[in-house]
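Asker: Make the full structure from the sequences, and use the hints.
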Amino acid sequence: MKTGDSRPQRSGLDMAALLMTDCRAMIAARAARIMVYIQHAQVAEWGWRDLASVFRFG
Numbered sequence: 001m002k003t004g005d006s007r008p009q010r011s012g013l014d015m016a017a018l019l020m021t022d023c024r025a026m027i028a029a030r031a032a033r034i035m036v037y038i039q040h041a042q043v044a045e046w047g048w049r050d051l052a053s054v055f056r057f058g
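For the sequence shown, the working numbering gives the first residue as 1, with consecutive numbering after it.
Just so you know, the hints here were simulated from the structure itself, not pulled from any lab data.
Don't be surprised by glycine CBs; every beta carbon is placed ideally from N, CA and C.
Careful, some of the hints might be misleading.
Said to hold, decoys possible - Pair ranges (Cβ atoms, derived): (1) M15 <-> D50: 28 to 38 Å; (2) A52 <-> S11: 29 to 39 Å; (3) G12 <-> V36: 35 to 45 Å; (4) V36 <-> Q9: 33 to 43 Å; (5) Q9 <-> Q39: 37 to 47 Å; (6) F55 <-> L19: 17 to 27 Å; (7) A31 <-> Q9: 27 to 37 Å; (8) A16 <-> S53: 25 to 35 Å.
Answerer: What follows is the structure, encoded as C-alpha cells:
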C-alpha cells in the first residue's frame, strides 16, 4: 500500500469473502460450460467418469 492511498485496506474477512465469490463464479462458469457440453450430447463420448473429473480442481 502506498502512503496517502485513499482505498481502505481489506480485512482478512473481506479477502475471504472475495475468494469465495471468485470460487463461486468459477464453479458457475464451469457448470455453464458443462451444460453446453451436455446440450451438444458429448456426454456419451466422454462417459460419466470423465464428466465427473471436470468438476475436480487441478
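Asker: Confirm or reject each hint.
Answerer: Structure-based check of each hint:
no., hint, in the structure
1, M15 <-> D50: 28 to 38 Å, "holds, 34 Å"
2, A52 <-> S11: 29 to 39 Å, "holds, 37 Å"
3, G12 <-> V36: 35 to 45 Å, "holds, 36 Å"
4, V36 <-> Q9: 33 to 43 Å, "holds, 40 Å"
5, Q9 <-> Q39: 37 to 47 Å, "holds, 45 Å"
6, F55 <-> L19: 17 to 27 Å, "holds, 19 Å"
7, A31 <-> Q9: 27 to 37 Å, "holds, 33 Å"
8, A16 <-> S53: 25 to 35 Å, "holds, 28 Å"
In this structure, every one of the numbered hints holds.
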